[in-house]
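Let chain A serve as the given structure and place chain B on it in line with the hints.
There are 2 protein chains.
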Amino acid sequence: MRQPQRLGDLDKDEYQRILRRAAVKTESILSVIIPIVKEVEKRGDAAVTKFTAQFDGVDLAPKDFQVSQKRVKAAYEKVSPELIVSLKKMHQQVWDFHQRQKREDWSIDKFFLNKKEAHYKLGQRFIPVERAGVYVPGGRASYPSTAIMAIVPAKIAAVKNIIVVSPPSLKREMADAIMVAADIAGADLMFNIGGVQAIAALAYGTSTIPQVDIAVGPGNAYVQAAKAYLFSLGKVAIDSPAGPSEILIIADDSANYEYIARDILSQTEHAGDNCAILITTSEQLAERVYKYLKGEVSHCLRKAFIEKSLADYGAILIADSLNEAIQFANDFAPEHLEIMTKNPDDVFKNIKNAGSVFLGDYSPVAAADYLSGTNHILPTGGSAKRFSGLSVETFLKSMTYQSLSKGALKLMSSDITNLASSEGPYTEHIRSVKIREERL
Amino acid sequence: MRQPQRLGDLDKDEYQRILRRAAVKTESILSVIIPIVKEVEKRGDAAVTKFTAQFDGVDLAPKDFQVSQKRVKAAYEKVSPELIVSLKKMHQQVWDFHQRQKREDWSIDKFFLNKKEAHYKLGQRFIPVERAGVYVPGGRASYPSTAIMAIVPAKIAAVKNIIVVSPPSLKREMADAIMVAADIAGADLMFNIGGVQAIAALAYGTSTIPQVDIAVGPGNAYVQAAKAYLFSLGKVAIDSPAGPSEILIIADDSANYEYIARDILSQTEHAGDNCAILITTSEQLAERVYKYLKGEVSHCLRKAFIEKSLADYGAILIADSLNEAIQFANDFAPEHLEIMTKNPDDVFKNIKNAGSVFLGDYSPVAAADYLSGTNHILPTGGSAKRFSGLSVETFLKSMTYQSLSKGALKLMSSDITNLASSEGPYTEHIRSVKIREERL
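Line order of the protein sequences matches chains A and B.
Quick note: the first sequence uses our numbering, first residue 864, plus one each step.
Quick note: the second sequence uses our numbering, first residue 864, plus one each step.
It is worth saying that the hints were derived from the structure and are not from the lab.
Since the structure is predicted, the reported quantities are computational estimates derived from the model, not experimental observations.
Possibly wrong hints are sitting among the right ones.
If several chains are the same, the list does not tell them apart, and a pair holds so long as it fits within one copy or across any two.
To be verified - Okay, derived cross-link-like pairs now, PhoX-like style, lysine-lysine, Cα gap no bigger than 20 angstroms in a straight line: (1) Lys-913 <-> Lys-933; (2) Lys-1023 <-> Lys-952; (3) Lys-1171 <-> Lys-1157; (4) Lys-901 <-> Lys-965; (5) Lys-1215 <-> Lys-888; (6) Lys-1269 <-> Lys-973; (7) Lys-1034 <-> Lys-926.
Looking at chain A on its own, in the form it has when it is part of the complex (with noise of 0.2 angstroms):
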């Protein structure tokens, strides 16, 4: 980590480093994944059988891909009973705040230019997409949170069939609490692959594996870059990338810093790859957070991804003002920004780029990533300024409509005349209405 540095004093290309953190290089990764998805394409089962060996180190004949009811069943005596209890507690919570998030159809009774005769409606219908494939991250780790996180919106948008992929692990299987998590949340099958070749399958269907019309969720640089090329290619919709996890902090004075050092370190422990920033307007602050980490880090159980993370991406910076630490922010565009100000909602409140937000001394990231209800599966890499985290709307599509009288098309006619002259000219356009009109 290095020591604190004043904003103001960062030159253009450190200040440019800062907010590129650790960029995902699709270009490059793209030709490794291509070959991949093109074989999965083609060959279906047979490839994804081929990849799980190569690349997850598992043999598996398509039937094993499938995790029965039965080994689903299994899986709850397996896990402790408190995790079953606080995953449960997770995943009300998470439904609580997502419920909020559902959509309501509209229509709205209109009269062009306000004449009786010329009645007509319109409106926008909301439906769920009818299959939804969730990829939930596992092999060395395993993340059921994140089955709950990516499986509850998409329930509560009514989506019909969701299809759960998570990578084998050695026993052969996606971890027991990955099961227990995603039946929790109400999966309605689960497969025990992973990686590019399990984007592969969801985007195009195999002999075993539902072809779905939007896969979710987080997922190494390989799988991100597969959702996102069948995406370009228009096979499958999908959430925004994400890339390493990350965390900005913007502090005053009154900030507490043992509660923001311990923040910088919960959020690089997921791997080596991860970024935190602290901006503050305190001196004093950023001083005490830098001598806290140094002696801190060593401590910690996951110190080499910590060490690694701060090294390559880690920052304090000093800001002259609330103010400019909130365009540093807004720049920035964080997965996560905490804030703890004085007075945290008069900075949110400029906030325009982030991801979720964190308010006040007793809101760290923790208790997001499982237990406030807010999702964790959110845009990173500075993507916020173009992207929202995982929403019951993900998984929903609209429709407009509309239902016109005679009177009102007729009342029409003559702009939509004068609109497709200027265009084409599309006579055709014009006589499909005229010839209602002839026969009014």
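Using the frame of chain A, we list chain B on its own:
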């Protein structure tokens, strides 16, 4: 146009052929567009000048890219007063409909486990992207209506910088009607550039063209592929993929065959790769539409397009029941769906996949292309299964947030511990909560 066929008589290949329509071959196009994108990324304006000369046949220096305010004013003098009036009326109609799509921020106060000491607050805020690029097709034809359709939702979303690009005609500028329409709708900047080079310029920014957060609007297959490719690299958000335009009409024996036939002609006059399909429970209607079309095509101004579209992607299908027709419609997922039956609402309530729906005898697609108020930038090629048309939401992203009290965090602590222990284990996540408990 083939003769009417019974849906049940189609073999699987023929059914798939109809469903496929003029599928965009993004894969093969990628190799063409990637070098153009890369050169614009690297050389900026100089590359845009080069490709504008190469593809649009126009020599434009970077200083000529932007349309001046003076030039926009002059455009108003060059188009007919009637068109200006109609564009303004269209603008008002589109504005009225899309106003209903605004999103409200929301928050909830909660008490964990219903304990009064465990208050916390959760919420979601909706925020526009900062800069949006709007692609308006041009060149041979001009699409002022598309400028309005793309700009209005961005404006209602409160996007501050709306940048219109449209290819220069041989007069070195975009069409006057596009300038006027974009100005009425409130575009902030306009550039006389189009094609892949315009999309790349918007995604990366150049010395003259601002970098945008999202690029929307229809375009040819190359433009669409460029958008998809740049999305997959994480450089820009995009709207739904949009290919050749299409219509599906569901009709029973109550429908008027002339209206149907004229809507089919209207749909297929855009280009030679449009798709128009009638599915009806009435053999008599099918025959009448077929005969009418046969007699009329040769009299159409744009008959070459119509003939080619109908020959390659047209069909008249006879269904055994409206239910069978509905099932086909959901499988086909049309951009435009007209329902001309005795009770269109009964059919509509079972429709799951469509871009926009047109109910009854007096709701031709042409009305909505210009004047009913719904958006005409819609998902095509079956992607209505996964995507929605352009809307205010296209330009919004959301942030979630949370503010926990000491009491809430304390009560959540044991569940967070259980959950974080099951992953990683994430001991630092746990400590970030515990340290706040210790200091309570």
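Each hint tested on the structure:
no. : hint                  : in the structure
1   : Lys-913 <-> Lys-933   : neither (26 angstroms within a copy, 64 angstroms between copies)
2   : Lys-1023 <-> Lys-952  : neither (23 angstroms within a copy, 42 angstroms between copies)
3   : Lys-1171 <-> Lys-1157 : within (13 angstroms within a copy, 72 angstroms between copies)
4   : Lys-901 <-> Lys-965   : neither (37 angstroms within a copy, 41 angstroms between copies)
5   : Lys-1215 <-> Lys-888  : neither (26 angstroms within a copy, 37 angstroms between copies)
6   : Lys-1269 <-> Lys-973  : within (14 angstroms within a copy, 51 angstroms between copies)
7   : Lys-1034 <-> Lys-926  : within (16 angstroms within a copy, 64 angstroms between copies)
Violation of the numbered hints given earlier is confined to hints 1, 2, 4 and 5; the remaining hints are satisfied by the structure.
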